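Using the sequences provided together with the hints, build the complete structure.
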Amino acid sequence: MDNLLEFKNVSYFYQTKENEVKALENVDFSVKEKQFTSLVGPSGCGKTTILSLTCGLLNCSSGEILINGEKVKKHDDRIGYMFQRDHLFEWRTIWQNIILGLEIQKKHKDEKSLAFAESLLKKYDLYPFKNKKPRQLSGGMRQRVALIRTLVLNPALLLLDEPFSALDFQTRLKVCDDVYEIIKSENKTALLVTHDISEALSMSDKIIVLSKRPAHVKEIYEINFEGASPLAKREDKDFGKYFEMIWRNLV
Amino acid sequence: MKNKKKKIINYSKARKDYLKKIRKDKVIVLFGQLAIFAIFIGLWELLAFTGVLDPFFFSSPSRIVTTIIDLAKGGNLWIHIWTSLYETLIGFALATVIGVVIAIILWWSEKLRRMMEPYLIILNSLPKIALGPMIIFWVGSGTGATIVMCILICVVLTIISMLNAFISCDSDKLLLMKSMHANKFQILFKLILPNSLPQFISVLKINVGMSWVGTIMGEYLSSKAGLGYLINYGSQILKLDIVMASITLLCILAAGMYFLVSPLEKRYKK
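Protein chains in written order, with the working numbering: chain A, 568 to 818; chain B, 660 to 929.
Note that these hints are calculated values from the structure, not bench results.
If you're wondering where the values come from, they're calculated on a predicted model, not measured in any experiment.
It is possible that part of the hints are untrue.
[As the list claims (entries may be wrong)] A few chain A residues that don't get close to chain B, going by computed Cβ distances all over 10 Å:
1. I632
2. D644
3. S680
4. S686
5. L693
6. G706
7. L720
8. D735
9. L798
[Unchecked claim] Quick partial rundown of chain A residues pointing at chain B, CB under 7 Å, derived from the structure:
10. Y648
11. I671
12. F736
The C-beta atom is built at its ideal place from N, Cα and C for all residues, glycine as well.
Right, dumping it as structure tokens:
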């Protein structure tokens with residue numbers, strides 16, 4: 568498998584009125600195609616900054632970020648972003664929310680894109696809710712809609728910024744399973760930012776542990792748990808061992 | 660209909676009691692509202708009739724009704740009502756449109772917004788009536804001056820409220836739009852404007868009241884027709900019945916306009 572995303576010695580500074588803050592220092596890692604990678608680290612260490620740099624919303628101060636060997640651009644079509652909350656627009660129906668990105672990119676009349684959107688809705692049991700408003704859906708369904716809204720644009724790399732943290736624990740486990748299944752069955756590469764070690768362990772093929780600010784890569788773990796879903800992976804005999812190793816690395 | 664009957668039969672006692680209580684509360688509130696009105700009018704009429712309140716200074720409900728009928732018979736009442744109504748409607752509409760457009764411009768440019776901030780604060784705290792004499796010099800007396808006064812009173816509030824709504828939009832929603840490569844026009848039309856609809860409706864509701872304030876102020880300043888003019892005229896010739904009759908009509912018109920705007924809110928919430 569080839570590397571889809573590469574961070575090569577990336578540093579990032581940002582300016583405040585008081586001083587210059589070093590957020591990232593020589594961050595170096597790669598994400599292989601179709602791999603599910605998680606970034607864990609102490610809160611405020613710069614995890615979200617890494618996502619913003621990846622999708623070109625910020626520019627790195629030094630080093631380079633490559634996607635498929637090419638430098639990341641400002642409006643990079645190869646990247647999809649999923650947020651902490653679903654951010655569905657309440658004034659739009661589920662269908663209108665899903666094609667929001669297509670509308671923005673003027674692809675909403677492209678039959679192929681629309682057919683793809685519709686197939687995703689059908690595949691993930693949301694088709695009957697097509698004409699409903701977001702408030703008529705449960706938290707888990709809303710998060711699925713948010714993921715489909717991102718997938719409709721067919722990105723090669725999905726950035727997930729703590730997408731489950733706004734959900735209650737039970738919904739969270741279920742949505743985790745759903746999102747994992749969708750990402751795997753659509754053959755997507757994903758980079759998840761989370762502060763929840765067990766969530767990272769249950770979903771990832773690789774976990775990158777970051778240090779506190781200025782963040783650098785402290786440790787990288789390749790994970791290979793048995794089980795088809797995140798929930799099943801939590802039963803793996805090594806789950807606890809890895810959890811403890813990462814926890815020790817974080818504190 | 661059949662369905663409805665079936666449902667009622669299936670309700671538990673607790674559910675029936677609960678629904679009954681809601682209906683009962685609604686009736687009590689409505690009854691209370693009507694009672695307050697009836698007691699107020701009745702007491703006023705009684706006190707005026709018995710001479711406790713001097714009808715010359717306080718008028719009375721019956722005298723107000725008679726005055727309105729007399730004015731209507733004279734034919735001028737409709738001119739006064741129509742003048743005030745169209746001044747208010749034009750002022751209301753123009754202030755809302757101008758206010759929203761300026762708010763959009765200030766949202767668009769952060770630097771311009773920061774430059775304009777102190778002026779907006781000053782304009783907001785300035786009593787607009789102070790500009791009255793200047794308005795008459797600029798646009799002449801009459802309808803034009805009244806509409807300008809109406810706009811001045813509503814527009815600053817509209818700008819401030821709408822701008823606040825625009826800039827308080829969730830930053831992650833903005834990030835979502837940017838991550839989908841939306842340009843500023845798309846962010847405005849697909850996110851900022853629809854997201855601010857609830858605030859827009861509340862601005863409309865506030866502007867209904869404020870535009871009437873503007874109209875009456877404008878008509879006090881200089882006018883030859885309108886309910887404000889009628890109030891002024893009534894007080895000058897010491898016919899306070901005319902003043903009270905005009906105020907009553909104003910209440911009815913303002914309430915009517917408010918009830919025309921408020922269904923928008925319910926429609927949005929559906």
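Hints, verified against the model:
1. I632: 16 Å, holds
2. D644: 8 Å, violated
3. S680: Consistent with the label, S680 (chain A) stays out of reach of chain B, its closest Cβ about 13 Å off (over 10 Å).
4. S686: 20 Å, holds
5. L693: L693 (chain A) is indeed farther than 10 Å from all Cβ atoms of chain B, at 19 Å.
6. G706: At roughly 16 Å from the nearest Cβ of chain B, G706 (chain A) sits farther out than 10 Å, so the non-interface label holds.
7. L720: 7 Å, violated
8. D735: 20 Å, holds
9. L798: About 28 Å separates L798 (chain A) from the closest Cβ of chain B, which puts it past 10 Å; holds.
10. Y648: 4 Å, holds
11. I671: 5 Å, holds
12. F736: Violated, about 22 Å.
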